[in-house]
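Counting in the numbering used here, the sequence shown runs from 935 upward without gaps.
Incorrect hints may have been included.
Said to hold, decoys possible - So the derived label-pair ranges between C-beta atoms look like this:
hint	residue 1	residue 2	range
1	Gly1002	Ala1044	20 to 26 Å
2	Asp1057	Asp1019	26 to 32 Å
3	Asp1004	Glu1061	32 to 38 Å
4	Leu1018	Asp941	35 to 41 Å
Worth flagging that the hints you see were computed from the coordinates, not collected in a lab. We put the beta carbon where it would ideally sit given N, CA and C, even for glycine.
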Amino acid sequence: MDSVIDDDLYRRTKRLLEPGDIELNGAIVRTDLGSDEDIEMHQASVDIGDVIAEHAGYDPRDTYVYSGTDDPEFASNQHQGLTLDGDEFVWECQQLLRDGTFDVVFYYEASADQRGIEDDISDLGFEVTSVEG
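Can you make the complete structure from the sequences, with help from the hints?
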């Protein structure tokens, strides 16, 4: 992708991908969904998570979304895609309400097919900016 959706958000996302236990890449996804469209926002996050799972080598039917509502370490609008077998990390996202609509930042293992993820998110109808760790 040639353009960056939001320079500040890109820089902050890039910092979150700095070396840790695993190498990560990310995607910033711009939506036109507002705060009154929480069901649609949830479905968009699931659909994008399924794209990431596929390009990371997982069958999306073997993953689930954990929203951490019972975990004080989790923020609201923070979700993880985990495997059914072993609760392995597949992806994480944060839904950020900015200027009346949501931008969603996804993180996932750098071994996933970044270009494929970008293309398939675009095919879902969203503007996306890749962020490589």
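Hints, one by one, checked against the model:
Against the hinted window of 20 to 26 Å, the Cβ-Cβ separation of Gly1002 and Ala1044 comes to about 23 Å, which satisfies the hint. Evaluation of the 26 to 32 Å hint for Asp1057 and Asp1019 yields a pass: the beta carbon distance comes to about 28 Å. Restraint check, Asp1004 to Glu1061: a C-beta distance of roughly 33 Å satisfies the suggested window 32 to 38 Å. Taking the beta carbon of each, Leu1018 and Asp941 are about 38 Å apart, inside 35 to 41 Å as hinted.
Violated hints: none; the structure is consistent with every hint.
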